[in-house]
Structures are given as structure tokens and as C-alpha cells.
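Throw the hints in and build the complete structure from the sequences for me.
Taken in order, these protein sequences are the chains called G and P.
Quick note: the working numbering has the first sequence finishing at residue 469, numbered continuously throughout.
Quick note: the working numbering has the second sequence finishing at residue 11022, numbered continuously throughout.
Bear in mind the hints are in silico, worked out from the structure with no lab data behind them.
Any given hint might turn out to be false.
[What the hints assert, rightly or not] Rough simulated footprint, nothing fancy, chain G against chain P, three-plus residues with beta-carbon under 8 Å: (1) 10214-10227; (2) 10710-10723; (3) 10807-10814; (4) 10845-10852.
As the structure is a prediction and not an experimental result, all values here were calculated from the model.
Glycine is no exception: its CB is placed at the ideal position from the N, C-alpha and C atoms.
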Amino acid sequence: MAQNSQQSAVTLEHPVLGAGQDYETITEAVSQIPLSKRTPFGWVLGFLIGLAGLGALQLAIGYLLLKGVYIWGNNVPVGWAFDIINFVWWIGIGHAGTLISAILLLFKQQWRMSISRFAEAMTIFAVACAALFPLLHTGRPWLAAYWLFPYPNTMGLWPQFRSPLIWDVFAVSTYATVSVIFWIVGLIPDLATMRDRATSKVKQGVFGILSLGWRGSARHWHRYEVASLILAGLSTPLVLSVHSVVSFDFAVSVIPGWHATIFPPYFVAGAIYSGFGMVLTLAIPIRSAYKLEHLITMRHIDNMAKVMLATGLIVAYGYGMEAFFGWYSANQYERFMLWNRMTGPYAWSYWLLIFINAGLIHVLWFKRVRHNLKIMFALSLIVNLAMWLERFVIIVTSLHRDFVVSSWDMYSPTRWDFMMFGGTMGLFLTLFFLFMRFVPMIAIFEVKTLLPEAKVHASHGHGAHGHGH
Amino acid sequence: MSAEQQLDLTAIREKLQGASGPQYWRSLEAVAETPEFLEFLHREFPANASEWNDPVGRRGFLKLMSASLALAGVSACTVQPDEFIVPYVRQPEEIIPGKPLFFATAMSLGGVATGLLVESHEGRPTKIEGNPDHPVNLGATDLYAQASILTLYDPDRSTTITELGQIRTWSAFIAAMRGALSAQIATRGAGLRILTETVNSPVLAAQIQDVLQRHPEAKWIQWEPTTRDNARAGARQAFGEYVEPVYDFTRADVVLSLDADFLAAENAFGVKYARAFASRRRLDAAPDRMNRLYVVEATPSVTGGRADHRLPMKASQVEALARAVAAKLGVPGASGAAVAGSEAFVDAVAADLAAHKGTSLVVAGEGQPAAVHALAHAMNDMLGNAGQTVSYLPTPEIVPSEQHAAMRQLVVDMEAGRVQSLLILGESNPVFTAPADWKFGEALQKVAWRAHSGLFHDETAEQCQWHVPATHYLETWSDARSIDGTVSIVQPLIQPMYGGKSCHEVAATLGERAERSGYDVVRDYYMAVMPAAMDATAGSSAAGFEKQWRRWLHDGFITGSAASPRTVALSPSWNSTPAAGAGTSGVEVVFKRDSSIYDGRFANNGWLQELPKPVTKLTWDTAALVAPGTADRLGVRNGDLVRLTVEGRTLEAPVWIDPGHAQDTFTIGLGYGRSRAGRVGSGVGVNGYALRGSASPWFAPAEVAKAGGSYTLVSTQDHWSIEGRNLVRSARLEEYKENPGFAHEMEHMKLSEGLTLYPKWEYSGYVWGMAIDLNTCTGCNACVVACQSENNIPVVGKDQVANGREMHWLRIDRYYAGDIDSPDTYYQPMPCQQCENAPCEVVCPVAATVHSAEGLNDMVYNRCVGTRYCSNNCPWKVRRFNFTLYQDWETPQFKMQRNPDVTVRSRGIMEKCTYCVQRINAARIQAKREDREIRDGDVVTACESACPSQAITFGNVADPNSRVARLKADQRNYAMLGELNTRPRTTYLAAVRNPNAALPTNPTVGGHHGESHDAASSESEH
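Written out as C-alpha cells, the structure reads:
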């Protein structure tokens, strides 16, 4: 893993690893968090907030199953609203984790190492939140739960393979599966470290089972490296394909504002943009709360800000192209759609979106901004708000006024829409707080490869195996 | 009962003594106001009416009620008797389980009958169709006939004979009636009054006249809240007798409507006239036959929407305009100048009418004073139209009268204590509908013995001691006269669901033989008049009568019973009333029958309550309709409350801005604001009758003030303009003659066949399609209700409509074009377009909507999981989603009403128009049995069948000789949104207007130039 060619990275003004670190300090810094008997007060507070949200989600889902989609604000013409906005938003957020762990791995970006573990966890939890919506937004989720899968059945029926929703089923389920496997495989060496350092029988037992008998032999490491590369190879196209397929939900339709060829790349860029926003939202408080500044350094923050800037600019270019095509098509309906976005009843959402994603994002050109944690934290939240608005603009503003004037109508969400959305945040927080407390949230063994000690043994072919100290 | 034990009789007596003024009470508990009684009152449905406005509450309420309803309502029909019964061993003749039978009958409304065929499944009437053989409506129906089936099953109908709230037997009622009658013998019936609706039943008229003969001092009053008094008075003024002018629009080239909404369903003749009018708007054969319609009116109406020139004008000014036109035409004795602003219109109309002597027509509206009717008669006379385009028939009511005067006399008599016994028959509901200044309800309290018979325990029943539940016409033996005098025998389709008594049975209690069945009454009458009514061939024996009777029942009417036209001469004193001057200078209020719930009698009909009104698209409410300019001056927006004051009576009503409305005029639809309509209709809307006085029941000078506050009005179409889109396409007649294919030139782009990646569908058999003629559609809504009835479409309630979740499979879109103060109105019925390359089909993940071998977009309800993607991707937004369980699955009565051939949809699934696929399949089975192809006309969709103007045509496109294929070959035929290449099966025939070159016109729609001319593009979002 460790590469000589990457030595220059260490010499930068802001290294990817803080000074004065060795195998022991890194292992201790990360592993003491799940192994500690003392649960920090902040964690308890955050977890309770998450649980409250989870309770709200259960209530929202329970009432939804009792009454039907009726409790939401959806109507005809706006058949999709918060449900699909939230789905696309969560799925998009997930993309950063996969990008960090798969594409940056293939590109041998060392800075990914200390953020990959929790970014991947974020991906999985975000996909879990996202997956709730396509199921629960249907009128009859108890049937949608399995009728969308192609299984041999007595009805002699297959799903409609021409429908983008079926593509979604494949794309999202593949994505979830690969992400989970990748994450678990990546955890094995660290789980073994946990097992070895745990003092209580219970923890030793649990980590022992989860680490699947990892002993750190050269053969183990060899298998591990091959598996990670294969999974990274599998994940890489998923980064591009999942959100492309999600964008087909819209691009394949005939509705002005949806029917656009630019959607796949524009959606992928937006997904990575919002995903990095979410990683920052999580990383900035975590590194300070758990004193991990030496592992998640300013260089990480800086790099992520740069990725956000780049993808944000792609997204802004997408807005420009959408507007240009709308005008250049000379199509009455496309032009109206654009005009309605800009001046219609939901114009506020469009202009807020443009202000953030095409305007405010330019502050990231400035290093002073990228290195100001408070601003970066606020900006990461603002970016995710803007990306939520983007899906609102695409879905609601396009649907509410389409071809036939007589069926134009307005959409307004109900308290159940908000409760469902807030509830998924609760689910996410709950899962993430559990992750922080019980799983090493930074890949210990990977970060250790950044140490100078690891370089000495580079000729052995593999990274340092510093566990078990 | 503890409640009874707690009654303190002394306290009750004191209470009664202490009370002053008219009071009524139903029981001792009522007077004592015991908590139990108050609870009982609260539990009765009016107290729960508030729940009805909230569908969640309503549905819960219905579910709770269902158990008791199951026990209360339908025992007569659905529960098997306790005694040993035997199933069909031999199937009764003609009954094949699963196959409906059709019975001819007739429905009367406003004193005029419509001939019907009623579909019956195993003894349950499920659907109303027009009787195609009936000489007046020729197979078409209006929305009231379509919706009447729901009233039959209405669980809120009254179910028991009551006296002061106590259940009584029929014989107890007869005894009470006999008692009341015997008290009248001494005075020769001076204290006896019978109050009915307008009676067009010869049998009922004969029964009542028999009573009057034996009690010569008794009086019979006919009362219709929206009377035809003015027409009657106008005819008498012009001709010296009551005659009904019947128009032949097929022969009229130029028509002037003086505030006459003759095409509307709420007009008694709308169905007949819509058909005739449409025949002159169909352009396929001879464009020169197209007629021209001028309309002067205050409130935008269905007829106004079809006008080539429409002049919005205060109702009170129409008389001046009529006088000016008459003067211009040179009608002897007519004089008057045009109201300012209408000079050009008057000149053009007069010139046009004069150029079409004998082929023109002047029609006066029922709300206009007698003088206007007389003026119209004089103009028709002068133009030589009499006998050509207008004929004068005896009135359809058996005894014509000026009802207002008769009713006024009744109130005076009641006030003076001259009335001891009053029998109120029918649905006219005088306590609710009589002019407010008469205080009918208070006067009624002075009558010692009051009995009411009606379908509902309504406001009037509440004020009478006796109430007898009436039978619905589908449960009744009766007879009824149509506009041309044709008599139909009304035969029942089902035993009375709630044990009601028909009007004949109630009227019989006044006669010599008190207890007679309706069947005997009706049959005996015809037996007696047989020789006159029968064919000569039948002979006069009993067997001959039986044969004849069966023929009448089968046909649905008595052949040859139509009246022959009267020859009438214009009386020299036709112009005897002094001219009314130039109309009100200030604000005016116009009262109209509501286009959905009529005069309030259909208030408890959910289909009609939820039906978007043709022009405003409002549902579940009435509003003070107002012109945009007047609303601006008053500073009010949609839903803001205004206080209207007429002769000291005030009413707070929400305004609704109605483009094309006359300035300074507010129109109120009557019939809302009922307190005892039932769970659907009670407490819905504001009561226009509270404002309506006897002096001016149709329009009155008023004062208006902003009341502050607002109210949520719900409309299904918020947007006025068509935004320059080519959804509806229109041209002027000259443009059409020059370029009959104008609609194709409005296409945005030409498409080639191979634009789609998917292979073309191949059809070997039928290819179903539909063509809708925008030039003949009047927007009358009959099709919408017919569709709802045929396809088991649920009612969702006001707040769901407010959220855009109405379920109508077929809607009628309305667009305005041109000047906001006087726009042209276009209607566009919008069923599923059944696209070839259907956008809905490819996006459904579970293949719940699929293309059939005959090209329909079939909807597989069982397979649908409800992603709503199909609806999102439908450019026409014709798909409807069951956001929750909208359909009432509990009330047993509604189960009986449903069409067994159509799935009753559940929660969470999508539904839409299927081109009545159940009817296609029924025709297919029939054709297969007869070893033949389905013939053109075998399949008639519900909307097509109901349409009075035959604007909708359905059939096999693959057969080049089918009607629909010929229409699709018409140059005017275009596919809406054709550039999407979805290739819809439903196509439209573009509208053509025939304006007078001498007058300014609004721009046509659909062309690219339309965008800039669209003045009426403002929103009415709320």
C-alpha cells in the first residue's frame, strides 16, 4: 500500500497525518473510542436526538401504513414530492463514501485513508434512509416490497424492464450490497485489533466473531489486498452508475424539466458534491470531539473542499446548460418550464439554489475559507440544503405545471412529510452514533501505512501491519 | 327510561306557557331539553354535519354508522326473509345472472319529464341511460338524471312515517288525514291546502282535481323555487293564454338569447335544445349551415360559452336591450334606445335577425320579466318565426299557473289563520326555498295540521307534525309529461328501499278510497282514459288495454301523446307593461339555480356536490360570482367575504372572480346552506334563498360591502388562460372555409413515423378510438356524472379536491381567450387519451398499465402498487390516484348502486378512463354469440351515451365506415400534444366560431399568435 512516490504528500504544509505519531498512538487514539467504558455525554445527547428522530420515523411510517399516502401533500399533478426528493437526496449523499473508498483508492490518494471508514459508514446509512422512500412512497408498499423484483411467480409475470424504477431497484440494491461488503471487508483487520485490545469477555467475543479469525498473516494480508482491489473495482462504476440510473427516473419521462439528456453527469456531480458536504458535516465535529485532529487534518478538510468546489462548479454548469437548452430548444413547453422555475410560485427555491450552488460556492476558491472550520461546517450544511432544493426544483416545479394548463396545481407538504424526512435523519443519526461508539471509525491499519516506519518496510510489498501492539 | 323518569311536567308546562311566538316541538323531551334529548339531537345527523366537510371524519363516521345502516335501510331488498324460501329452480324469464336488463321509465324535474332507460342488475338499478326512442331527449340525459341513481340509495333518505318525531304506521297517517279532512267538510274544504311541485303527472293532477271537486273551497298550490312564472306571464301577455314556446334550433340560422341559458342542464329543456343546437354546429357536411348565436346575459353560462358574440350586461338592462332590438327590427309598438355601450351590438343583431326572417329565433330567459318574454314573442312574430323555428304548445304542467302569486296567497291565508290543514308533497321544500320576506316557516306554524311527504326529512318536514317518506321515482308507479306533451309511464325498478309512499298513494288518502297502491291509481286512470290514449288497433277490451299498457311500459312513453302546436295570435296588448327603464344603476344580485345541485334538492348527492360547475369549476360550494373589474374596485380576491344586502336582508358570501361576468353584479347559486339536507349537503355553502325576496326573485338591486375575512373556495381548475398553447384550436368560419385543415397547421412540428425506438403496435382486430367535437360540446357535465356512475368513481370531499385529488376519470377543461371582461370560453372534455406510444406504460415498474391487443391502455388494478410514476409521466394528467380508501366500502346501500362490471378500487392504486372496457367486452360477447363482428354503435361509452349534443363519438377506427373513423378523417380533427408522438386515440375536432364581421371578436386560440393576445392570463390560485 505505502508508496514512495507519495512521499511528497507528507512534506506539504498540511500533512495528511499530524506530527509525532507512531503505531501505538494511532491505534490508541482510534481504538480507545469503542473500547472505552466511559460513554461521553455528548454522545449520549446526540444518540438521544437520533433516537427521538427514529421514534418520529416509526410514527410517520406507522400512520402512513394505516392511512396511505393521503397523509402527505402529494397530489395530481405532483405525484412525487418529498418522498422522491428525499430519496434522491440521501442516495446522492451516499456517493461520497464510495468515491472516497473506491475511486480514490484506485487513484492511490493517501488522504482518503483517515476518512474512508466513516465516509463508507455514512454511505451505508444514507442508502438505508434512501431505500425507505421508494418503498414507502408507493400506494401499496406490502406488494411493492417484492413485486418489483424479478422472481419466478405463479402469476407468470415479470416486472416491466423498460421502467426506470426497475433499473433503480437493481442499481440501488447492487449499490447497497457492494457498499456493505466493501465496508465489512475493510473492517476486518481493525476488528481484529479491537478483539486483541478488548478487556471484557463480551467485547472479545463479539469482535472475535466479527473479525472472522483474522490473524494478520501475510496470506491474510494478501487475500485482503486482492479483495479490496476487486471491491474497489466493482464500486467504481457504481459511483457513476447509481446516480445516473436515478437520474433516468426523470430523464426517461416526457415531462419538461425532467426530459433532459444532461441529467446523468449532472446528477453524479451533484451527488458527490452533496456527499462531500455531508462528510464535512460529520468530520468537523467528530475530529474535535474525539481529538482526532492529528488523523483528520486540515489537509483533509482542504481536499474535500476542493472536491466540493470542482463538483459544485460542474453542477452550476449543469444549471446553465439546462437554461440554455430550455431556450435553445425553441420548445414552448421547455421555455415555459424554465420561465416558471425562474418566475413562478416556486421561484424562491430556484434562486436560493442558484445563489448557493452557483454563487456562494465560489468562496471555496479561498484558502482562508477552506481552513476556517466554522465556515466550512456552515457551508457543508448550506450545500446540502441547496442540493435538497435542487431536487425540489426538478421534481415539484416541473410537475406542478406541465403540458395541460387545466391540471396545473400547487404542492404544499404536510407535517407528515416533514416528520418522515426528519425521521430518516433520526435513523441516520442513530446508526451513525452507534457506529461511532462501537466500531473504530478510522481505518487504523491504513492510516498507519502513512507513518515513516511503514515506508522502511515498503520492499516487503505490503503496508505495515501494526495491529496488536 | 331514566330520561322519562326525570321529566318534570310542571317545568315543561311553564316552559310552554312562557314561550312566545311560533314554536314547534317534537316531544316532551324536546321541551324539557333534557341532556338525553340534547344528546339525541346531537346524534342525529345535522349535528354531525360539520364532520362531513372533513372527509377523514366523514369516512370514520360512515364506518361507525354502517352497522346501524345495515340494519335500518335495506332489509326489504337484501336480507332474506325468515320464512323458508326457495331459490330459482327455473330461472325467471329474461333474467340471466350477470346480464343487466333495461327498463324504460321517466324522471321529472322542474315539471318536465326525461325519458330514461335504467340498467338493472339482478333487481338493482345501477345506471341511468336516456331512452333513445323517446321523442324529446332521444337517448341523451342531463346530469341530474345521471346522478339521481345515487339519491335512490342515499342512506340519509327518511325511512319512517313520523308524527312529531314518533314513529307511526301508515294507517295512523291515513286516520289522521281522514280526521283532518272530515274537519273540512263543513267549510267545503276552505281550510285545506295542497302544496306540490309543478305537477306534470296527469294522474296526480287528476287525483288532486278530484279532491278539489269534493272540497271546492280547498286550494292547490304548485311551487317550484325557480318558477317559470315569467315565461307563463309573458306568454299570456303576448297571446292571452298560457303556452310553452318550443324552439326548433335545427332551423334557426341566427339566435338571440336574452339571458336565456337554453343549453344548460338546469334548464328543463337543455337536453333537447343542446342536441338541436349542435346539429347546426357540426361542420362535416355543410359549413354554411352553421348558425350564429348572440347571447346577452349577466352571468357567464353554458349557453354564453357557445355564443359567437356575448354581451355581458346587468340582468336589469336586458329588457332595455330587447326593446332596442325590437325597435330596430320595427316591431310595431316597440320603442327604446340601446343601453350605452351596446349600440353596435344592437345594430348588428337587429340587422342579422332581419336578414334571416323565418330562420331566426329570439329566446327570453326565465329570469327575465314577463315584458322581455312578450318582446321575444313579438319579435319572433314579426320575423315570421312562429311555426318555423318556434311553435307554441300547451304547457307540460297539467295546470299552468303563476306560482308566485299562488304561493303568496297561501302565505297570506296561513298568516290569517284561514288554513287548518296543509299537505306538502314533493321536493320543493318551501320552508327553505320560499322568498325570505314571506317568512314561510313562521306562517306555517299557524296551520294546525301539517303533513309533508318527501324523500328527506328536510327543513320543511322539520316544521310539519307528520312526515311520510316518499318514494324515489325509481321506486314509483307514476306518469309524467315531457316538454312536447308526450306522456311516459313511470315504472319502478325496485321495491321502495325505505318503505316510502308515492305521491299518488299519499294523494289517495285525500280521496274516496284512502288506501290504494300507486300501481292501481295509475293503471285505473289509464284504464278510464284508455279509448283516448290508445291506438285504434288495440280494441277496447281489457286484453287490449293490457297489450297497450305493456307497449307503453316497454317503449317508455305513450305513442302519439305529444301535444299538437297551438295557433296563437299576438295580442294587441302584448306591450302592455311599461318599460322598466335602463336598469339598476348600482349593484345588482342575480339568483340562479345552481348548475350542480339544482334548487337545493340534490344537496345530499355527493356526485353533484363534487361536480365542478361548468363555468367556474367550483365544487362543494356556491359563491358570489363577480366580474374581475368589480372585484378590483371592491378590493376583493377569490374567497374574500362580501356582505350583500337586499331589502334589508343580508348575506355574507365568498366571492369568486368570473371572467365575462357583468360589472357590478353578483350571482349567487341557490340551494346551498341547507341545514337538513343530510350528511353530505348540510352546512355546505351559503344560503342564497336567505337573500332572495318575493319582489324580485331573479335579480335585485343590492348593496355590497367587504365583510372582512375569507373562506376557502375550491375549484378544480385554477388557471384561466390556455397560455398560448395549442391544446384547443379554433378558427373563424371564414378561416375554416378557406382552410379546413387549420388545426393541422397549428401543430408545433411534423413528426415521422419512425421516431420511436419501440416497434409499432400491430392490430389485427378492432382499434378503438374516440373523437370529441369541441364545436358542439357545451360543457354541461352530463358525461362527467355518467362516467362517475358507470365506473364506480368515489367522491373524495372538499379538502381532497382542494389538494388536487379529485377522482373524475373524465373532466371538462375550460379555457378563456381574449378580453378578460368578455372572453370566449372553450370547453374540452378530457378522458384518457389511450396513446399508442403511451408514456404511462413504459414507466410502470410492475406492468400494471399495459397495451391491449385493441390499443387500449389497460389498467390492471390488482397489479398496481401505486408508484404514481404513470401519472407524473402523463402529459394530460388524466390518471387518478386513490391516496387513501376513498371508496365507501361499508355503506350497504352504496354497494347495491355499484356497477358489478367494474372493479371497485381500493387504497393506493391508480385508476383512469378505460373507454368503458366493460361495455366493449359486453358487446364482444354479444357479437360472438351471434357470430358476427361488433358493429359500429354496438359499443357506446357512458360519456357518449349521456352527451346531449353528441359531441363524443366512440368506435372502431380500423373500420373506415365507422362514425369515429369518418370524424377522424375530418379536416378539423387533431391530436392534442401531437408533437410528443404519443399518438393519442382520443382526438379532437377543432372549434369554429361564426362571428359577425360587424362586431369585434376575441382572437382564436391554438395558433402561435395566440400568446401575445392572451389577456386573461392571470391566476386564481388561492
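Verification of the hints:
Proximity of the region 10214-10227 of chain P to chain G, defined as three or more residues with a beta carbon under 8 Å from a beta carbon of that chain, is not established by the 0 residues found. Using a Cβ-Cβ cut-off of 8 Å, 6 residues of the region 10710-10723 of chain P lie near chain G, which meets the minimum of three, so the contact claim holds. With 3 residues having a Cβ less than 8 Å from any Cβ of chain G, the region 10807-10814 of chain P passes the three-residue criterion, so the hint holds. Look at the region 10845-10852 of chain P against chain G: 3 of its residues bring a Cβ nearer than 8 Å to a Cβ of that chain, three or more, so the hint holds.
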